[in-house]
Every structure is written in structure tokens, then in C-alpha cells.
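Novice: Residue numbers (my numbering), protein chains in the order written: chain A, -10 to 238; chain B, -8 to 476.
Hint data in this document are derived by calculation from the structure and do not stem from the laboratory. Beta carbons: idealized from backbone N, C-alpha and C, even for Gly. Keep in mind that the hints are not guaranteed to be accurate.
[Unchecked claim] On the chain A side, residues computed to face chain B include the following (Cβ under 7 Å): (1) R39; (2) I79; (3) P80; (4) V82; (5) A91; (6) A182.
Here's the letter readout for the chains.
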Amino acid sequence: MLEIKNLHVSVDGKAILKGIDLSVQPGEIHAIMGPNGSGKSTLSHVIAGRDGYEITGGRIIYQGEDMTGMAPEIRAAKGIFLAFQYPVEIPGVANTTFLKEALNAICRYHGKDELDAMQFVKVMREKTKELGIPEDMLKRAVNVGFSGGEKKRNEILQMAILNPTLAILDETDSGLDIDAMKIVAEGVNKLRAPERSILLITHYQRLLDYIIPDKVHVLAHGRIQRSGDKKLALELEEKGYAEFGEAAA
Amino acid sequence: MVASIDTVQQVKELTEEKYKYGFFTDIESETAPKGLNEDIVRFISAKKNEPEWLLEWRLKAYRYWLTMPEPKWSKVFHEPIDYQDAYYYSAPKSAADGPQSLDEIDPQLLETYEKLGIPLKEQERLSGVAVDAVFDSVSVATTFKAKLGEVGVIFCPISEALESCPDLVKKYLGTVVPYTDNKHATLNSAVFTDGSFVYIPPGVRCPMELSTYFRINAANTGQFERTLIIADKGSYVSYLEGCTAPMRDEHQLHAAVVELIALDDAEIKYSTIQNWYPGDENGRGGIFNFVTKRGHCRGRNSKISWTQVETGAAITWKYPSCILKGDNSVGEFYSIAITNNYQQADTGTKMIHLGKNTSSRIISKGISAGRANQTYRGLVRISPKAKGARNFTQCDSLLIGDRCGAHTVPYIECKNKSAIVEHEATTSTISEDQLFYLRQRGIPPEEAVALVVNGFCREVLQQLPMEFAVEAQKLVGISLEGSVG
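Produce the entire structure from the sequences given, and follow the hints as far as they go.
Specialist: Written as C-alpha cells, this is what we have:
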């Protein structure tokens, strides 16, 4: 599914990622944990293809194809989805309009017929119902006036509708109270599927109480310092990231 | 939104020339000699068999025009206009005797309108919108006249109205925009050739949208149409104009005048989709769109609402305004102005509150890209007698790229203590975050920009009649073609 090989990334000449290796199989959930400033968000943005990051070495292989240098909308069409840490507001554009535009752009990329209005409404109804999201959220302008919890749920809804094969959740739990986090986690669990891989980027282990990962990696100082299973997250909870601070010093 | 997808497809269909309406129709036309003098004014008047009073009015305007300076207060820059280097009258020859029905119209002309997306023959069959088509200096076709006649609505070329209802024309012409108003309006008064005339009788709600399409075709020709709309007591009309021109290297002058009169309890909704040729990406050619539009809420409880989508023209100089004379009258101005490449726009409105409890609302959305510059210029004047007057103004500017400019120049003159006047303004850009967010969802950059801009303009787009809203949305995307990256 996703193979990252010796990935080096700089921003404004400063090295942020210094040789990342990561291998995610179909259906797996991997959690990437680490202290602030360790390069977690950089990694998620680079996989999604955001401008402004210089790849100084290594490769990102997704479904056997080298993604390096590919435009973000092409990566999206190929099934990569990034749930944003800070979802962006698009004033005046209704959520439905935005989702229809996105879904149809992806259909066009694959040379498929676009959905007509009726088909689209059906998909929307189905997904909102499945995730327990009120339909009125669809009529509102994208993320405008949304609470923190609503914004994150909106990301999950978009993910459900765009149906990606690789979903990256960038600190989706940040800023959420425990109830909102449970709702989001429930949404993610519903989208767990044998053909879909999920990369959970998180600072805290509490999210992993609700979404059980197959693997946990600790990212610090631009490198993956340790990998393990769910137990590693619990260990981190107890000891903090201090160990990795020293390791890199 | 389907609109921005269509936009991108349409843009792709075009060759390197991005202006879809840039074709020229080879039609035999009858043209007056180049230049401007009293003889030309007399020639135009004679061509139209006009009554003596109108010729006198035109001549007064012409003589006054000679004494007037060019308006200098707007923030637009261009070489001085050589008024002698243009034709002031050009008419498709086949229309010389006036077509009696669409069957008598030059097929090539009909084809031209088909290309513009205005199939006149279809329009005659499909109910919904009545169209008056003005080609260079004359009106070539008006559809649905008979059906409108049943309810007493007059919708015809102004030249025809001068023959069929001269008293109405004489009573109202020049009462909102006098021939002394400004240099461009005065020139129009002297040499106006055609335009639409609308009269809605008392108590009638016009059963369909009325629409006029203006097309400049001939080279070196100015277009000077004059539109006069009168909504009598308790009536309602919604009117839309659209405009296009071929691509030419030289500038062409378009100096139109629109006068609206709303009597007691009447309402006029006037929408414009202006898509004149904007010039090429280096600023060569394009229409000078110097237009005077003004509405007079003459009666109590009357309402005039302007909606404009200004995407074309090399320079736009235009301030659709409302004189709120009747007590409780309402004026509205909804505007989208898009400038790309080297386009310039100085546009806005004037809301003149004279009556008691008059209210006005101004929503202006300006989008600048490339090296374009635009200015919102608006006057809100509350006269001493306008007790309880109310105004709300919102001016939002969106900048795309770092070489364009947006300027907001509000003038507020308040002479009555009971009035409430509000002005809000914002300036923003399309952020890199927004673009990345949309692209991450699979939307290519140009569609993403069209989507954000359509969202930015939504409040104004919503004001357009349904039939035209989609067209306007597409236009928004097309106008910004090439502005990303």
C-alpha cells in the first residue's frame, strides 16, 4: 500500500525529516506518535503532496507508484486522503457543492461518468446517516462557523464520501473533548476496511483507546525511533517522550 | 458546483484565444461617415425618422458636450479618446427597412446570436425570457412582443417606441440622466442609436424576464445605446442585459445610458452580465465601458434593485445609482467586478436619499487578478429631509496574486441626524491553505479558484434571475482563467 523509503525533507533549507522508513499494508492502521516539532505534520503533508516541502532524498511509493513530485489533486484521485489538523474555511461554498465538485473531479480523473444530482444526494444521505451526522451540516458553508468537533466530523464525512484507500488523520483528536473524540473515533472505526489503510498521527495515546492500531511508531527528531504494537503507546503514556529526547542528543 | 467544471471544460475548448465571443460576423452594413459633428447627429436622427423635439435635444446635447471636460476623478488610466476616429452609426443592411419578423432577419445575424447562446428563434418558442437584440447601432429583433402586448407591457427598441408611443418617451427621456450629466452621458444623448424601451402599465407584474443583448460587431464603431424603463404604479419588472464584442486590437467606446423610473409601489430589478472584450493579456484592445445608469424611485414605496456582474471590458467606469425620492423607497446595488490581466474597473453606486424612511443596501464584491486594478467608489447621501433613512454597505475585495490592486473609496454625506449609515469592508486573498485543502480533495487548481471565487460572490449571484445565474457562475471562472500559479 504505502512504502516510504529513506525519506529526507527540508523546509526553507532546514532538514525536518532525516530518513523515514515506513511500510503500511492494506487494511492496517498505523499510529505515528511523537513530541511537538518532531516532523509528524510534515510527514502527512509530504505524503499528500503539499507545496513548500523539499524532498532531498528518498521516495514515497504508493500502490507501487512513485508519488514524489505528483500534484496533490492527482494523489487525491488515486485514493490518498488527508484529514486536516486545522480544516480550512471556504466561505460561501456549501459543503454539498464542495463534495460534489471533489467527487466529480475524481470521477473525471478516472474517466468515469460524473454522478447526477439524484445519485449524489443518495450517497450523501447514506453517508451522513451511517456516521450519524445531521444533514444540515451539508448545507452550511465548508467549515465556516463550525465548532472544533464539527470540523473534525466534517473531515470524517468527507473521507467516507471520497472513499480513499489511504487515509491520513493528522492530529484529528487535537482540541476535542472526550465525547467529541469518541464520536470521531467511532466514525473512523466504521471506515475500517480490508482494502483501506489508515495512518493516525497523534500526540496522545488516548485516541488509541478507541481506535486500536496494528502498529505504533515513535517519530522524534525527524526519524522513527521505535516501532511496536499498542503496548508501545501505553509505555509512552507512562514515560513520556523524554527517552527520545536523549536518544537524539 | 457544476459551474466551475463547465468553466474549465469551456476554457479548454477554446483555442489559445480565451475570449469566447471574439468572433466577427461579416455582414453588409450601412455606416455613417467617420467622425462626429452636427451633421452626424442630424444623420442619425433622420435615419430614425425622429420627431423634431428629439433632434433639438440631441443638438443641445452635442453643443454642450463640446464644452465639457473629460471626467478625471476616477482611478483609471488611458490615452485620450479621439472622438473623430470612430463611426457613430452602423446598421446591418438587411435591417434597413426594419425586419417585420424573425424570418426577414439576415440568417448570419441569427447565427451570431446563436453563437452567443441566444437563439432568437428558440426564444420565440420557449417561454420564459423575451429578448431584444441590439447589433451595433440598431435593434434587430424583439421576441414575445405579442404576448407581452396582451397585458399591456411595451417592450421594443426605443426607436420604435418613438413612433408607437412618442408621448411616453418624451415624458420620461432624460428625466433621470439629463443631457448635461457627464461627458459620456452627454455624448450618448447626442448620438444614441438604439436600445430598449420598456413600459409596464399600472398594477401589472411583467409575466416574463425581459432581456436585451448588445453586440458591437463593426470595427471602429462606438456603441451608444439608451435604455428607458418605466414601471407605472404597482407594477413589477425584471430586466437583464448582456453584452459582448469581437476581439480587436483597438479600443472601442461603449457609452450607454440607462434610465429607470419607478412610480408608487412599483419595483424594477435590473441585472447586467457585462462581458465585453477585455483586451488581450498584454492589455491591447478591449472595450471602454463608460456607462451611466441611474434609477429614480419617484413614487412612494417604490424599489429599484441593480445587480451587475462585470467581467469584461478593458476599462469599466460605471455607477448604477438610485435616487430615492419617494417616501419608504428602497434602492439596492449588488455588484461583482472581476478584473484580470490589465483590466481596470472603477465602479460602485450612488444612493441619494431624499424621501423619508428610504433605505438602501450596497453589496460589492471585487476580485482582482493579474496586474488588474479596481476601485469601488460609492456615495451614500442622506439629505436633510430624509428622516429615518437607512443604509448598509459592504465592500469585499479578493486579491489573486501579488501584482493586482483593490481600492475602496466610500463617500458618506449624512445631513439628517435620524439616519443610520453602516459601512463594512474587507480585503482578503485566496490562501495557500484553501487551495491545498481543495486540491487534496481532488479538485484541480483552476477549478479550486473558481469555487472559492463563486463562494465569495454568492450573495450577489443569488440576486440574479435563475436563468442567468448559471451563466454568470461560468463567467466568473472563465474570467479568471490563467490567474493561478
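Novice: None of the hints should be skipped; say for each whether it holds.
Specialist: Against the structure, the hints:
For R39 of chain A, the shortest C-beta to C-beta distance to chain B is roughly 5 Å, which falls under 7 Å, so the interface hint holds. Here the hint on I79 of chain A is kept, as its CB sits about 6 Å from the closest CB of chain B, short of 7 Å. The closest approach between the C-beta of P80 of chain A and any C-beta of chain B is roughly 6 Å, which is under the 7 Å cut-off, so the hint is satisfied. A distance limit of 7 Å between C-beta atoms decides the matter here; for V82 of chain A the minimum to chain B is near 4 Å, and the interface restraint holds.
The closest approach between the C-beta of A91 of chain A and any C-beta of chain B is roughly 4 Å, which is under the 7 Å cut-off, so the hint is satisfied. The beta carbon of A182 of chain A comes no nearer than 20 Å to any beta carbon in chain B, farther than 7 Å, and the hint placing it at the interface is violated.
Violated hint for the displayed structure: number 6, the only one.
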